[in-house]
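Peer 1: Generate coordinates for the entire structure from the input sequences, incorporating the hints supplied.
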Amino acid sequence: MNYFSLVKFQLRKKSNYIVAVIIGLIIGIATLVYTYETSWKNYLNKDVYEDITFRNLHIQTDNETSEEELQKLQALDYVSNVTYMYEYLKTYEIEDLTTNAETFARADFYTANNESLPQIVKGTDFPDDDGYYMVCPENFYSVLYNYEDLRTKTTSDKDDLSYYLNKELTLKYNGVLYNATKSEKYIFRTKVKLVGLYKNSQYSIDETTCYLNHNAMHDIVLNEYTDALNDYENQKNNGYILTVDSANHMDEVKENLDKLGYYYQDVSYIETDYLNNIFNNIDVAIFIVLILVFIFVFFIFKKDFKEDKAYYELLKKVGFNNSEIKKVYFLTSIIKSVIYICFITIITLIIFLLLKVILNYFPYLFVKYKVIYDYKIILYTLLILMFNLIINVFLNSRKVTLK
Amino acid sequence: MLKIINICKTYTINKNNILILQNINYEFQNSKLYCIIGKSGDGKTTLIEIMGLLLNYDNGQIIINDKDVSKLNENNKAMIRNKEIGFIFQSYYLNPLMKAYENVMLPMYLDNSLNNETRKHKAYDLLSQVDLKGRENHFPKELSGGEQQRVAIARALANNPDIILADEPTGALDSENALNILDILKNLAKKGKCVIIVSHDDRVKKYADVVLKLEDKSLKEVTE
Ligand SMILES: Nc1ncnc2c1ncn2[C@@H]1O[C@H](COP(=O)(O)OP(=O)(O)OP(=O)(O)O)[C@@H](O)[C@H]1O
Ligand SMILES: [Mg+2]
Numbered sequence: 508m509n510y511f512s513l514v515k516f517q518l519r520k521k522s523n524y525i526v527a528v529i530i531g532l533i534i535g536i537a538t539l540v541y542t543y544e545t546s547w548k549n550y551l552n553k554d555v556y557e558d559i560t561f562r563n564l565h566i567q568t569d570n571e572t573s574e575e576e577l578q579k580l581q582a583l584d585y586v587s588n589v590t591y592m593y594e595y596l597k598t599y600e601i602e603d604l605t606t607n608a609e610t611f612a613r614a615d616f617y618t619a620n621n622e623s624l625p626q627i628v629k630g631t632d633f634p635d636d637d638g639y640y641m642v643c644p645e646n647f648y649s650v651l652y653n654y655e656d657l658r659t660k661t662t663s664d665k666d667d668l669s670y671y672l673n674k675e676l677t678l679k680y681n682g683v684l685y686n687a688t689k690s691e692k693y694i695f696r697t698k699v700k701l702v703g704l705y706k707n708s709q710y711s712i713d714e715t716t717c718y719l720n721h722n723a724m725h726d727i728v729l730n731e732y733t734d735a736l737n738d739y740e741n742q743k744n745n746g747y748i749l750t751v752d753s754a755n756h757m758d759e760v761k762e763n764l765d766k767l768g769y770y771y772q773d774v775s776y777i778e779t780d781y782l783n784n785i786f787n788n789i790d791v792a793i794f795i796v797l798i799l800v801f802i803f804v805f806f807i808f809k810k811d812f813k814e815d816k817a818y819y820e821l822l823k824k825v826g827f828n829n830s831e832i833k834k835v836y837f838l839t840s841i842i843k844s845v846i847y848i849c850f851i852t853i854i855t856l857i858i859f860l861l862l863k864v865i866l867n868y869f870p871y872l873f874v875k876y877k878v879i880y881d882y883k884i885i886l887y888t889l890l891i892l893m894f895n896l897i898i899n900v901f902l903n904s905r906k907v908t909l910k
Numbered sequence: 027m028l029k030i031i032n033i034c035k036t037y038t039i040n041k042n043n044i045l046i047l048q049n050i051n052y053e054f055q056n057s058k059l060y061c062i063i064g065k066s067g068d069g070k071t072t073l074i075e076i077m078g079l080l081l082n083y084d085n086g087q088i089i090i091n092d093k094d095v096s097k098l099n100e101n102n103k104a105m106i107r108n109k110e111i112g113f114i115f116q117s118y119y120l121n122p123l124m125k126a127y128e129n130v131m132l133p134m135y136l137d138n139s140l141n142n143e144t145r146k147h148k149a150y151d152l153l154s155q156v157d158l159k160g161r162e163n164h165f166p167k168e169l170s171g172g173e174q175q176r177v178a179i180a181r182a183l184a185n186n187p188d189i190i191l192a193d194e195p196t197g198a199l200d201s202e203n204a205l206n207i208l209d210i211l212k213n214l215a216k217k218g219k220c221v222i223i224v225s226h227d228d229r230v231k232k233y234a235d236v237v238l239k240l241e242d243k244s245l246k247e248v249t250e
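Note that the protein sequences, when read in sequence, are chains A and B. Following this note's numbering, the numbering of the first sequence begins with 508 at its first residue and continues without gaps. Following this note's numbering, the numbering of the second sequence begins with 27 at its first residue and continues without gaps.
Worth double-checking, as some hints may not be accurate.
Stated by the list, open to error - DEER-style ranges, computed between Cβ atoms:
#1 B:K41 to A:K809: 25 to 31 Å
#2 B:K41 to A:L532: 48 to 54 Å
#3 A:F803 to B:E247: 55 to 61 Å
#4 A:M508 to B:E241: 39 to 45 Å
#5 A:F803 to B:S244: 48 to 54 Å
#6 B:N42 to A:L902: 26 to 32 Å
Unchecked claim - SDA-like mimics (lysine to any residue), calculated; alpha carbons at most 25 Å apart, straight line:
#7 A:K823 to B:S201
#8 A:K743 to A:H725
#9 A:K520 to B:K103
#10 A:K810 to B:K146
#11 B:K146 to A:E831
#12 A:K521 to B:F165
#13 A:K515 to B:N163
#14 B:K109 to A:V907
#15 A:K761 to A:E622
#16 B:K103 to A:L513
#17 A:K520 to B:K243
#18 A:K906 to B:K243
#19 B:K167 to A:S512
#20 B:K167 to A:I807
#21 B:K103 to A:S830
#22 A:K520 to B:Y118
#23 A:K816 to B:M27
#24 B:K243 to B:N121
#25 A:K834 to B:N99
#26 A:K515 to B:E162
#27 A:K834 to B:L81
#28 A:K743 to A:S573
#29 A:K823 to B:E202
#30 B:K109 to A:E820
#31 A:K813 to B:G171
#32 B:K109 to A:S830
#33 A:K521 to B:R161
#34 A:K810 to B:Y118
#35 A:K823 to B:H164
#36 A:K906 to B:N163
#37 A:K521 to B:K243
#38 A:K515 to B:Y118
#39 A:K823 to B:E194
#40 A:K521 to B:M27
Read the hints as simulated data drawn from the structure, not as lab findings. Please read these numbers as outputs of a predicted model, since none were measured by experiment. Using N, Cα and C, we set each Cβ at its ideal position, and we do this for glycine too.
Peer 2: Written out as structure tokens, the structure reads:
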């Protein structure tokens, strides 16, 4: 007997498809929300907290800083680099990349050692000698008027620094003027060899971040203060910047510093309670939605079976035997389940495709916050559906031929 | 020909055995229209479901066309239901998701000697016999009550059974439709079928060749 021809009538029930579409929409939206949350969490955990600025601690001292103390701090567990505050971070023009008078190419320069450098993908880390060396990101944006412009840039603006690898670039900077009435600017130039390119963070929030070795930074800063040596001496009271090797080790390092009696501050800090609160609420909301879907689906299936039951009774009355009726029942259940699951998956994927299209047309909406597509919810829903289907199929299979 | 011998039936409700039918004996002949009357709750539906092999009974025998079917297993009883018996119910029992001709085709699916084309053809033919030509592709909700009951009759005739069992077939219909249905059933009896109608509708009695009354757990012929 061709059982399919007996099943096909039961697939005409339109309400089944409407329910599948509704569940698909709910799950699609829940997945989107979850994707947004995952993207944010990912952005925070993988990039923001791991970014060098969030792994830096500013240590203030009562006394003048000293090389011995710096070495002592450097020797602490999980500390990858220590610099003097005044040699920690500078913004300089890279003259070779400047194309016209209005837009000069600038980058942020942190002092680093080979331990604190990010992963190098082209070239090498700093050679172990007294030369001037720098490491820049693989994806590098240098030309800016101000930080706002960074957002509207597209990849075509990016400078490919591979060409400059192992060549000397000229850093251009103004001297610090101690005598403010002096109008003439002291302009300095220092040649620094680009030895390596490092791998950008996931969201490329470090696309303007370069690193100088200690020696280069020390001499450049000394040049800057040529005309303001008193100022330079004062800077020495400003303490140290300590770089922790990973965001996970921040607490341990802070504990050690407490024990040693140091006073420190985070260089950068994000108020995370607020975000975590939102994330927790989203998680709870999604959990509730999944439970509601579970209950909804359970009762929909129950009602659906009740309606179909009349059909199985009819089959019995017109002469089908129990095993034939059970076959019709199981085949109907399986085909319906497959249809449900296909519908829900397709609708959810359509919502995702729409999102991708939107992101393509309006890339600036998400330039900084790369979307991590999180399909976990779809998976959970399909599991819920299948679980529900299996429960229903077996609970009801006894009732199909009961009399 | 349908013969029932010493049929007894008890229902068990809350551990109480309630005897509904006691030693029912009767021989239904072909080419006759029978009407079984009786008060509500006297066991008319129970009896007709037993005769249609839909319900088990305590003891007794059922002989259909000289064959004792009471000892058959479930599968063979199902086969008899399919081949020898046609059912008609008060509530039509049509599948709302099937078109008229598809409802009629349903019992034919068990006949593997037919292909779908033949089944469809036969269904169209049966529908025209009950005056439903042109309505073959309508769904039940697009048909009136009388029309739905005629579809049900066409379905009962699908495998050309000898016995037609009808439980209150006119119960949900107005006079005109009821008489129309009874005309059809009367014609079937004239053509040689054994038609048994359960009803407390007085109109049915006038059509019946034999009126039977179910009373005090047993079945007796009513003579005018
Ligand atoms: N499945 C069952 N379990 C227990 N008792 C039942 C069952 N079916 C019917 N009964 C009882 O058996 C008796 C006869 O029921 P039945 O449906 O055969 O009556 P009926 O003559 O068809 O009544 P009506 O004219 O109202 O249709 C009733 O008292 C009913 O409550
Ligand atoms: Mg009844």
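Peer 1: Now, for every hint given, state plainly whether the structure supports it.
Peer 2: Status of each hint after checking the structure:
no. : hint                         : verdict
1   : B:K41 to A:K809: 25 to 31 Å  : holds, 30 Å
2   : B:K41 to A:L532: 48 to 54 Å  : holds, 51 Å
3   : A:F803 to B:E247: 55 to 61 Å : holds, 57 Å
4   : A:M508 to B:E241: 39 to 45 Å : holds, 43 Å
5   : A:F803 to B:S244: 48 to 54 Å : holds, 53 Å
6   : B:N42 to A:L902: 26 to 32 Å  : holds, 29 Å
7   : A:K823 to B:S201             : violated, 31 Å
8   : A:K743 to A:H725             : holds, 12 Å
9   : A:K520 to B:K103             : violated, 31 Å
10  : A:K810 to B:K146             : violated, 31 Å
11  : B:K146 to A:E831             : holds, 21 Å
12  : A:K521 to B:F165             : holds, 14 Å
13  : A:K515 to B:N163             : holds, 16 Å
14  : B:K109 to A:V907             : holds, 22 Å
15  : A:K761 to A:E622             : holds, 19 Å
16  : B:K103 to A:L513             : holds, 21 Å
17  : A:K520 to B:K243             : violated, 44 Å
18  : A:K906 to B:K243             : violated, 31 Å
19  : B:K167 to A:S512             : holds, 21 Å
20  : B:K167 to A:I807             : holds, 23 Å
21  : B:K103 to A:S830             : holds, 13 Å
22  : A:K520 to B:Y118             : holds, 20 Å
23  : A:K816 to B:M27              : violated, 32 Å
24  : B:K243 to B:N121             : violated, 34 Å
25  : A:K834 to B:N99              : holds, 19 Å
26  : A:K515 to B:E162             : holds, 18 Å
27  : A:K834 to B:L81              : holds, 22 Å
28  : A:K743 to A:S573             : holds, 9 Å
29  : A:K823 to B:E202             : violated, 31 Å
30  : B:K109 to A:E820             : holds, 17 Å
31  : A:K813 to B:G171             : holds, 23 Å
32  : B:K109 to A:S830             : holds, 18 Å
33  : A:K521 to B:R161             : holds, 22 Å
34  : A:K810 to B:Y118             : holds, 21 Å
35  : A:K823 to B:H164             : holds, 24 Å
36  : A:K906 to B:N163             : violated, 31 Å
37  : A:K521 to B:K243             : violated, 47 Å
38  : A:K515 to B:Y118             : holds, 21 Å
39  : A:K823 to B:E194             : holds, 19 Å
40  : A:K521 to B:M27              : violated, 44 Å
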